[in-house]
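In this text, residue positions in the sequence shown follow our numbering: the first is 32, and each later residue adds one.
Bear in mind the hints are in silico, worked out from the structure with no lab data behind them.
Be careful, since some hints might not be right.
[Unchecked claim] Below, a list of computed lysine-lysine pairs in the DSS-like style, where the Cα atoms sit at most 27 Å apart:
1) Lys197 to Lys257
2) Lys181 to Lys135
3) Lys84 to Lys257
[What the hints assert, rightly or not] Label-pair ranges, simulated between beta-carbon atoms:
4) Thr259 to Arg66: 35 to 41 Å
5) Glu73 to Thr259: 27 to 33 Å
6) Gly116 to Arg191: 18 to 24 Å
Since the structure is predicted, the reported quantities are computational estimates derived from the model, not experimental observations.
By construction, the Cβ of each residue, glycine as well, lies at the ideal position given by its N, Cα and C atoms.
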Amino acid sequence: MPVRNGLWLGVIVAMAALGVAAVTAVAAPQRDYTRLRSDMVEKQLRARDITDKNVLRAMGKVPRHEFVPASLRSQAYADRPLPIGEGQTISQPYIVALMTQVAKVKRGDKVLEIGTGSGYQAAILAELTPHVYTIEIVPSLAKRAQGTLKRLDYKTVKARIGDGYKGWREHAPFDAIVVTCAPDHIPQPLANQLAEGGRMVIPVGKQDALRGQQLLLVEKIGGKLKVTSIAPVLFVPMVREKGTQ
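Starting from the given sequences, assemble the full structure and let the hints guide the process.
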């Protein structure tokens, strides 16, 4: 099973998505969330290899508990992913921070996220740049995430329902693309929509494959793609529109 710095990266993602393990909890008192979030940043992120000050600041600011089901809010800052419905999850805090750090998002960058899910990753990105575009293929998740982002005043995030494999051509090119679900190959439309000098962070591979999935950094340099493996991971598969492959 994949390990990074002695901790499981994505095993619980698949378990939660498949209903293998159920997480039950009583919502924590509102007064505790600030402390829990601070502990998350210090013990799960800064204590490992998350060094980008802007990423740490964003992770310390965004109220992660607002993006999870009410029954799981006391677990929102734990070192694990959580189910959010429709067989999907909110990723482990460390993975969110790692992907954001690898994407090297700067103020003013135009960023595309594939797989809105709960909306949490989009909120983290919105703390780094006002130009965030996010796509979710599951309508119920997309609508819920849009409502949460609006309620928390992340009004600059532009969201839509659609097949993330195809990207968002009307707003391309993107300085960074963050993919939160795993296709079995790098989607060509996303590669095409990556700006020169841009970075795409994407998990690639099948859950049941012998080699598992790899989190990749894809950089466009001189019109060509440079691919670097970051870590072994386990993400839910990328969902496509019916009739597409």
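Tell me, in ascending order, the numbers of any earlier hints that this structure violates. none
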